[in-house]
Amino acid sequence: MRITPDEVRQIATLARLSFTEEELTELTQHFDTILTYVDKLGELQTDSVEPTAHAVAVSAPLRDDVVTNTPNAAQTDALLANAPSRKTHFFRVPKIIE
Amino acid sequence: MSHYALTIHQAQEKLRAREVSAVELSQAVLNRIQDTDQHLHSYLTVCAEEALAQAETADRTLANGATPPPLCGIPIALKDVILAQGVRSTAGSKILEHFVSPYDATVTQRLKEAGAVIIGKVNCDEFAMGSSNENSAFNPCRNPWDTDRVPGGSSGGSASSVAADQTCAALGTDTGGSIRLPAAFCGIVGLKPTYGRVSRFGVVAYASSLDQVGPCTKDVRDCALLLEVIAGHDPRDSTSVNRPTPSYTAHLERGVSGLRIGIPQEYFIEGMQPEVETAVGDAIAHLQVLGAEIVPISLPHTEYAIASYYVIAMAEASSNLARYDGVRYGYRAAEVEDLGALYQTTRAQGFGSEVKRRIALGTYVLSAGYYDAYYVKAQKVRTLIRQDFLDAFKTCDIIATPVAPTTAFRLGEKLADPLTMYLSDIFTIAVNLAGLPGLSVPCGFDQHGLPIGLQLIGRPFDEEALLQAGYAYEQDHDWGARKPPL
Numbered sequence: 001m002r003i004t005p006d007e008v009r010q011i012a013t014l015a016r017l018s019f020t021e022e023e024l025t026e027l028t029q030h031f032d033t034i035l036t037y038v039d040k041l042g043e044l045q046t047d048s049v050e051p052t053a054h055a056v057a058v059s060a061p062l063r064d065d066v067v068t069n070t071p072n073a074a075q076t077d078a079l080l081a082n083a084p085s086r087k088t089h090f091f092r093v094p095k096i097i098e
Numbered sequence: 001m002s003h004y005a006l007t008i009h010q011a012q013e014k015l016r017a018r019e020v021s022a023v024e025l026s027q028a029v030l031n032r033i034q035d036t037d038q039h040l041h042s043y044l045t046v047c048a049e050e051a052l053a054q055a056e057t058a059d060r061t062l063a064n065g066a067t068p069p070p071l072c073g074i075p076i077a078l079k080d081v082i083l084a085q086g087v088r089s090t091a092g093s094k095i096l097e098h099f100v101s102p103y104d105a106t107v108t109q110r111l112k113e114a115g116a117v118i119i120g121k122v123n124c125d126e127f128a129m130g131s132s133n134e135n136s137a138f139n140p141c142r143n144p145w146d147t148d149r150v151p152g153g154s155s156g157g158s159a160s161s162v163a164a165d166q167t168c169a170a171l172g173t174d175t176g177g178s179i180r181l182p183a184a185f186c187g188i189v190g191l192k193p194t195y196g197r198v199s200r201f202g203v204v205a206y207a208s209s210l211d212q213v214g215p216c217t218k219d220v221r222d223c224a225l226l227l228e229v230i231a232g233h234d235p236r237d238s239t240s241v242n243r244p245t246p247s248y249t250a251h252l253e254r255g256v257s258g259l260r261i262g263i264p265q266e267y268f269i270e271g272m273q274p275e276v277e278t279a280v281g282d283a284i285a286h287l288q289v290l291g292a293e294i295v296p297i298s299l300p301h302t303e304y305a306i307a308s309y310y311v312i313a314m315a316e317a318s319s320n321l322a323r324y325d326g327v328r329y330g331y332r333a334a335e336v337e338d339l340g341a342l343y344q345t346t347r348a349q350g351f352g353s354e355v356k357r358r359i360a361l362g363t364y365v366l367s368a369g370y371y372d373a374y375y376v377k378a379q380k381v382r383t384l385i386r387q388d389f390l391d392a393f394k395t396c397d398i399i400a401t402p403v404a405p406t407t408a409f410r411l412g413e414k415l416a417d418p419l420t421m422y423l424s425d426i427f428t429i430a431v432n433l434a435g436l437p438g439l440s441v442p443c444g445f446d447q448h449g450l451p452i453g454l455q456l457i458g459r460p461f462d463e464e465a466l467l468q469a470g471y472a473y474e475q476d477h478d479w480g481a482r483k484p485p486l
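Chains as they are written, first to last, in the numbering used here: chain X, 1 to 98; chain B, 1 to 486.
Among these hints, one or two may not hold up.
Derived DMTMM-like pairs: lysine to aspartate or glutamate, alpha-carbon spacing no greater than 25 Å straight-line [unchecked claim]:
| no. | chain 1 | residue 1 | chain 2 | residue 2 |
| --- | --- | --- | --- | --- |
| 1 | B | K414 | X | E21 |
| 2 | X | K87 | B | E277 |
| 3 | B | K94 | X | E21 |
| 4 | B | K14 | B | E228 |
| 5 | X | K40 | B | D372 |
| 6 | B | K394 | X | E50 |
| 7 | X | K95 | B | E335 |
| 8 | B | K414 | X | D32 |
| 9 | B | K483 | B | E335 |
| 10 | X | K87 | B | E335 |
| 11 | B | K483 | B | E19 |
| 12 | X | K87 | B | E337 |
| 13 | X | K40 | B | D338 |
| 14 | X | K95 | B | D325 |
| 15 | B | K394 | B | E293 |
| 16 | B | K414 | B | E464 |
| 17 | B | K414 | X | D64 |
| 18 | X | K40 | B | E303 |
| 19 | X | K87 | B | E270 |
| 20 | X | K87 | B | E97 |
| 21 | B | K414 | B | D148 |
| 22 | B | K94 | X | E22 |
| 23 | B | K94 | X | D77 |
| 24 | X | K40 | B | E266 |
| 25 | B | K94 | B | E413 |
| 26 | X | K40 | B | D325 |
None of these hints come from the bench; they were simulated from the model.
Here chain X stands alone, though its shape is the one from the complex (with noise of 0.2 Å):
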């Protein structure tokens, strides 16, 4: 095996992820087959290649620091009706601070 169930674990409190046991050991299979195929990658000389980020040139274009999205009620309701808790104008979250 290319990784070990502990391994995965650590990845996916990395990942803010949780597994159970059995979906652990079912996971570090796949990561195994997929990390084994991705390894054919290898056979390639990149040395003197560039990566590509994004195959069709693009800038950062910038625009006037300007306000273009006024804040409103409506528009902060809308927002705020699909969180799954709030308060007045605020979303709500458990206890963060002991």
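Model the placement of chain B on the given structure of chain X, informed by the hints.
Same frame as chain X, now just chain B:
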């Protein structure tokens, strides 16, 4: 012919001649959905009330005599990753099951400005991750040609709804083949535009350097019409390219005389379904008869495309999907003690297994110690794959290949082994890595009556050449006009 079976351009004519009203057309489509969708599950949300109200507005516009906007009164369905204001947008995920979008995606806004009627939101693999639609958190969508088979993914509902006349046309998204594969499996026309051609603003992100919105339509003319409406620069998407949008319909009938069509040897492989090879070969031969020149080419890094794609797409997905944390919108796990547990439990319960697999693998390839070996390596191979195409386009104008090595497979057939499923995209994925436009056009049926698709690949921003070639081929064949037995 029933109203629901009309193409966009046929409906345009009938609406403008007042032979049918926009309300009648939308009602016919809504009835068709009601009559057929229990077999197909194309729709996740049907916007009956809103659609009829939009159709009434369209009828008033049509009645006042002036030239109506291009899609006035035409029903269009949206893949459920594309936001529409006030409408539920689930992205096929339990984590967004009750999410109601507070705003329109740019493409939705453009459709509305063009007079379109948003008829509903169609099924897809969760967060557009999949090749069969079986990763939808809701009832997976079926192929109208054989409901035991998959419609292809991830835009399965976009393709099945168009094939089954449950809408005039639909929008899908394509990250590694997600428009072209279902288009081929369902026997319709599907286009992935050049990266940057269409705005991604308001589209739920999967892999941002690869995602692109495109049309799913009943014929090539409709595809050109719909692309014309949705394409163009959008200041709200920094990757949208600022260059003029040609009129894709204006020169559709130009033909293929003198067009050089490249045939890559790497795309005709062992293990391909023989009927697919024959149908695609016949289509290429027909284009030659119409005056195109056939040029053998090579795309030597083809076999590395899937590996490169999955590393890049999973890395980008792990980053994009970090936003689903149960705080601001979407599902939140009940009864958790602290914020850390809230994130972890919400995501464990809210995401399906394929999405979690991709987030975990993406996190792994981006983690310290593996970043260069996997992520940077995949990006370097992406450069080689893109260079293959740029080199090939020195000797040809477009490239012709199959869309997929087989016709639609059965539900469950590839579910147990993720890698086998990933290989379904073997002919479509390199196009996304290279950022090129790709068109899927129906080119035949196999012995089971399942559709086969021809893929045409073009230079960056040369959608016109693809549409012209696809149109020329379509004029002499009726594959796309055949209807599934529903």
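Here's how the hints hold up against the structure:
no. : hint            : in the structure
1   : B:K414 - X:E21  : 24 Å, holds
2   : X:K87 - B:E277  : 61 Å, violated
3   : B:K94 - X:E21   : 22 Å, holds
4   : B:K14 - B:E228  : 21 Å, holds
5   : X:K40 - B:D372  : 15 Å, holds
6   : B:K394 - X:E50  : 22 Å, holds
7   : X:K95 - B:E335  : 12 Å, holds
8   : B:K414 - X:D32  : 18 Å, holds
9   : B:K483 - B:E335 : 51 Å, violated
10  : X:K87 - B:E335  : 18 Å, holds
11  : B:K483 - B:E19  : 24 Å, holds
12  : X:K87 - B:E337  : 19 Å, holds
13  : X:K40 - B:D338  : 42 Å, violated
14  : X:K95 - B:D325  : 15 Å, holds
15  : B:K394 - B:E293 : 14 Å, holds
16  : B:K414 - B:E464 : 36 Å, violated
17  : B:K414 - X:D64  : 51 Å, violated
18  : X:K40 - B:E303  : 9 Å, holds
19  : X:K87 - B:E270  : 62 Å, violated
20  : X:K87 - B:E97   : 22 Å, holds
21  : B:K414 - B:D148 : 13 Å, holds
22  : B:K94 - X:E22   : 22 Å, holds
23  : B:K94 - X:D77   : 23 Å, holds
24  : X:K40 - B:E266  : 17 Å, holds
25  : B:K94 - B:E413  : 24 Å, holds
26  : X:K40 - B:D325  : 35 Å, violated
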